[in-house]
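S.K.: For reference, the chains in residue letters:
Number of protein chains: 2
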Amino acid sequence: MNAVRSAHRSVTAETIAIGSELLVGGRSDSNSIFITEALGRLGIEVRFKSIVGDDQADMVQVLKTAVSRAGVVIMTGGLGPTVDDCTREAVAKATGRRLARRKAALDGMTARLAQWGRQPNKGQLRQAMIPTGATVLANPVGSAPGFLLEWKGATLVSLPGVPREMEAMMMESVIPFLTEQLTRSPKSRPQPIIRQIFHTWGVPEADVDAQLLGLIPKGLPVDLGLLASPMGVLVSLTTKSGGTRPVSEDLLSSLAQEVRVRLKDCLFAEGRETMEEVVGRLLHEQRRTVALAESCTGGLIGHRLTQVPGSSAYVDRGAICYSNQSKVDMLAVPEELLVKHGAVSQEVAAAMAKGIRERAGVSVGLSVTGIAGPGGATATKPVGLVYVGLDGGAGAVITKEFRFHGDRSVIKQRSSQAALNLLRLWLIDRGRT
Amino acid sequence: MNAVRSAHRSVTAETIAIGSELLVGGRSDSNSIFITEALGRLGIEVRFKSIVGDDQADMVQVLKTAVSRAGVVIMTGGLGPTVDDCTREAVAKATGRRLARRKAALDGMTARLAQWGRQPNKGQLRQAMIPTGATVLANPVGSAPGFLLEWKGATLVSLPGVPREMEAMMMESVIPFLTEQLTRSPKSRPQPIIRQIFHTWGVPEADVDAQLLGLIPKGLPVDLGLLASPMGVLVSLTTKSGGTRPVSEDLLSSLAQEVRVRLKDCLFAEGRETMEEVVGRLLHEQRRTVALAESCTGGLIGHRLTQVPGSSAYVDRGAICYSNQSKVDMLAVPEELLVKHGAVSQEVAAAMAKGIRERAGVSVGLSVTGIAGPGGATATKPVGLVYVGLDGGAGAVITKEFRFHGDRSVIKQRSSQAALNLLRLWLIDRGRT
Numbered sequence: 069m070n071a072v073r074s075a076h077r078s079v080t081a082e083t084i085a086i087g088s089e090l091l092v093g094g095r096s097d098s099n100s101i102f103i104t105e106a107l108g109r110l111g112i113e114v115r116f117k118s119i120v121g122d123d124q125a126d127m128v129q130v131l132k133t134a135v136s137r138a139g140v141v142i143m144t145g146g147l148g149p150t151v152d153d154c155t156r157e158a159v160a161k162a163t164g165r166r167l168a169r170r171k172a173a174l175d176g177m178t179a180r181l182a183q184w185g186r187q188p189n190k191g192q193l194r195q196a197m198i199p200t201g202a203t204v205l206a207n208p209v210g211s212a213p214g215f216l217l218e219w220k221g222a223t224l225v226s227l228p229g230v231p232r233e234m235e236a237m238m239m240e241s242v243i244p245f246l247t248e249q250l251t252r253s254p255k256s257r258p259q260p261i262i263r264q265i266f267h268t269w270g271v272p273e274a275d276v277d278a279q280l281l282g283l284i285p286k287g288l289p290v291d292l293g294l295l296a297s298p299m300g301v302l303v304s305l306t307t308k309s310g311g312t313r314p315v316s317e318d319l320l321s322s323l324a325q326e327v328r329v330r331l332k333d334c335l336f337a338e339g340r341e342t343m344e345e346v347v348g349r350l351l352h353e354q355r356r357t358v359a360l361a362e363s364c365t366g367g368l369i370g371h372r373l374t375q376v377p378g379s380s381a382y383v384d385r386g387a388i389c390y391s392n393q394s395k396v397d398m399l400a401v402p403e404e405l406l407v408k409h410g411a412v413s414q415e416v417a418a419a420m421a422k423g424i425r426e427r428a429g430v431s432v433g434l435s436v437t438g439i440a441g442p443g444g445a446t447a448t449k450p451v452g453l454v455y456v457g458l459d460g461g462a463g464a465v466i467t468k469e470f471r472f473h474g475d476r477s478v479i480k481q482r483s484s485q486a487a488l489n490l491l492r493l494w495l496i497d498r499g500r501t
Numbered sequence: 069m070n071a072v073r074s075a076h077r078s079v080t081a082e083t084i085a086i087g088s089e090l091l092v093g094g095r096s097d098s099n100s101i102f103i104t105e106a107l108g109r110l111g112i113e114v115r116f117k118s119i120v121g122d123d124q125a126d127m128v129q130v131l132k133t134a135v136s137r138a139g140v141v142i143m144t145g146g147l148g149p150t151v152d153d154c155t156r157e158a159v160a161k162a163t164g165r166r167l168a169r170r171k172a173a174l175d176g177m178t179a180r181l182a183q184w185g186r187q188p189n190k191g192q193l194r195q196a197m198i199p200t201g202a203t204v205l206a207n208p209v210g211s212a213p214g215f216l217l218e219w220k221g222a223t224l225v226s227l228p229g230v231p232r233e234m235e236a237m238m239m240e241s242v243i244p245f246l247t248e249q250l251t252r253s254p255k256s257r258p259q260p261i262i263r264q265i266f267h268t269w270g271v272p273e274a275d276v277d278a279q280l281l282g283l284i285p286k287g288l289p290v291d292l293g294l295l296a297s298p299m300g301v302l303v304s305l306t307t308k309s310g311g312t313r314p315v316s317e318d319l320l321s322s323l324a325q326e327v328r329v330r331l332k333d334c335l336f337a338e339g340r341e342t343m344e345e346v347v348g349r350l351l352h353e354q355r356r357t358v359a360l361a362e363s364c365t366g367g368l369i370g371h372r373l374t375q376v377p378g379s380s381a382y383v384d385r386g387a388i389c390y391s392n393q394s395k396v397d398m399l400a401v402p403e404e405l406l407v408k409h410g411a412v413s414q415e416v417a418a419a420m421a422k423g424i425r426e427r428a429g430v431s432v433g434l435s436v437t438g439i440a441g442p443g444g445a446t447a448t449k450p451v452g453l454v455y456v457g458l459d460g461g462a463g464a465v466i467t468k469e470f471r472f473h474g475d476r477s478v479i480k481q482r483s484s485q486a487a488l489n490l491l492r493l494w495l496i497d498r499g500r501t
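The listed protein sequences derive, respectively, from chains W and L. Each residue of the first sequence is one higher than the one before, starting from 69 at the first, in this note's numbering. Each residue of the second sequence is one higher than the one before, starting from 69 at the first, in this note's numbering.
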């Protein structure tokens, strides 16, 4: 694979997602994220991503552009059995090859379909038509085979668009192939691209930026990235594959350690871990149980906590208390509190947390009450005013006030994050004592 | 704007999303979906989408490719105040123009920052540097100005990557500009691309396909699209902009009507409407109230219903009953039912729906109990077994059994969709009587 080795195009890749539905919306191209990570571990950097519809001429155009600028080109989609699916034809057309039915492709597909008690139909037989000279890639989980070929110094790979099938074929065929090609030329083997991710909550992007000022020594081929979203600011350290000064693992871990020190408590998770997983892990470790009292979040906190497998061990119950009466019925919030302070108040947040903890008999009760908007604001209580409460027993109830911006959905998300973060900090504190 | 008018490239557009974070993941390019819809209404078809990092040479490469194949090129991102942001420089480099500070750009930004009580800093001053000959596009919601220029017969537009800013500038500047250009040449004005969307639930993709067989008369420039997801199968009718036989609105509405007839009850919404909005609309129209009893969905149904503004008028409360004890406490599910049939059973689903309806005093109680996995399965009850219950009072309780496939998250999603759909059909039935 000269393309990967050559000086100019070394470690450069492009993904091409094929399918008209990707152009008009309804689905995002999540495949390319997986491919980018998998190639990055080999030191191959995805620098371009293209999306094109089920149009043969457009696909040929995109393919030609891709091989002119990338050494590895990974296409996903357009390998199905319908007439819309024309990746095979487009690759044959672009590369000037014929399509021929290949035994390896047909046998694999027939065997797969036989497992399901079926025989290939006419459309599926088309799926065994592969450009001449290409290597057939077996599909261990579906019927559509993929293929790989060398063209104009680039490696061209065609995989199905179904994520499960694409992922299996990347790991079982494409990555081993590229690894072997890279290994054959150890001298030019690129540095793996390492990306470390840190999730923060509660500090504005500008302040995170200020906290990390001067972190990366000048000239070091490491990128510091910041990305703000309603769920917090994501910080990333990414090594550059083309760097002349390779970054050692030791150096990267000392940078990561410095990030942790500087971000302190606002760092809630690293890598793929989510807030709900962190909270779940702490609850599990400390053998504590939780119950929820949700008003403006409407069940979102419960939904998030129960996304984690095994959460039934520590999530006992939740009360979604939208009406005032339900706060009285389900949580024993005193009616006079609701009258005196209103449902969106520190006092009611505290009473909700206490109420659910006592009724459920759990270690900790967590509550949220607020105005998600767009309606419901008053002269003194604007949209985005949110109170979070936590009762860990022993009489001490913590409450916190927030003033969030954004639409209804954003305010719900931020409220759920604020509540889970309060619980996280409380659990960390309990774990210390 | 000759490019849009010229025969070859008429109605062809490309979007370019700029930003290294879009390459490595963490955020999908939702901007391009908005742009595709907005241009489609003018008859301009987005045929290519590109994503490129914050690398000036790569951006120049992508820009040159784009103008070679599209008449309208819309870039998003890379207009911020940091050194990473180099869209301005890349456009200047690609088109061979200089960058100069433009009064229109500076004044707009200064006025916007003054509203926030701030003055432009050094980085922000860079944002007023615009390629010579370009038209400055005002940013009505943020500080970064955009710009528009003609190059090699194509219209090149650069907008900020922040969705709210990009959307405002598309609607206030770009669409009026393109409309005017198209209007000047009424003869070649392209047909608008009309896309109608139908959301179905409960019928496999192959069956939806079979139901719609032969719907589109041969040669009619309308595409029928099907897209399966955990939330159901989406059906789309899209007119082709390049069709020689323009599709009249009458013809398209008769096709849409035929889709409705053929899909019947499995069609739950059209266009942008969601299941929770449909259910909310029906509850509101019928002045009914609902309460929820959620086990395996963990609050997801409550979260979905309360995403809809105004839902506090019809959502009274919900009980997230993860533990068996909570089903007894919160819903008065008889303990002998739990012992005899298990928590995941038709009998318990019915008792949960009845329990929450009676306790809340609402029109209808909706319940879900099931095994979301990966743990919790038994010899007779596999992962994915889900029961949904509905109690509308008057003694009649409906239950339905489902056997879903997929991971924990997918099973939760499908369970919530099944429960809401049961409520939808029940409400439609009540509305008829």
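To be clear, the hints were calculated from the coordinates, so they are not data collected in a lab. Heads up, some of the hints might be wrong.
It does not matter which identical chain is used: a pair holds within one copy or between any two.
Here are the simulated SDA-like pairs of lysine to any residue, each with C-alpha atoms no more than 20 Å apart in a straight line [unchecked claim]:
hint, residue 1, residue 2
1, Lys308, Ala125
2, Lys468, Thr448
3, Lys286, Asp152
4, Lys161, Arg471
Source: prediction; values computed, not measured.
S.K.: Each of the hints needs a verdict: does it hold here or not?
M.R.: Against the structure, the hints:
| no. | hint | in the structure |
| --- | --- | --- |
| 1 | Lys308 to Ala125 | between (35 Å within a copy, 16 Å between copies) |
| 2 | Lys468 to Thr448 | within (17 Å within a copy, 46 Å between copies) |
| 3 | Lys286 to Asp152 | between (51 Å within a copy, 15 Å between copies) |
| 4 | Lys161 to Arg471 | neither (58 Å within a copy, 44 Å between copies) |
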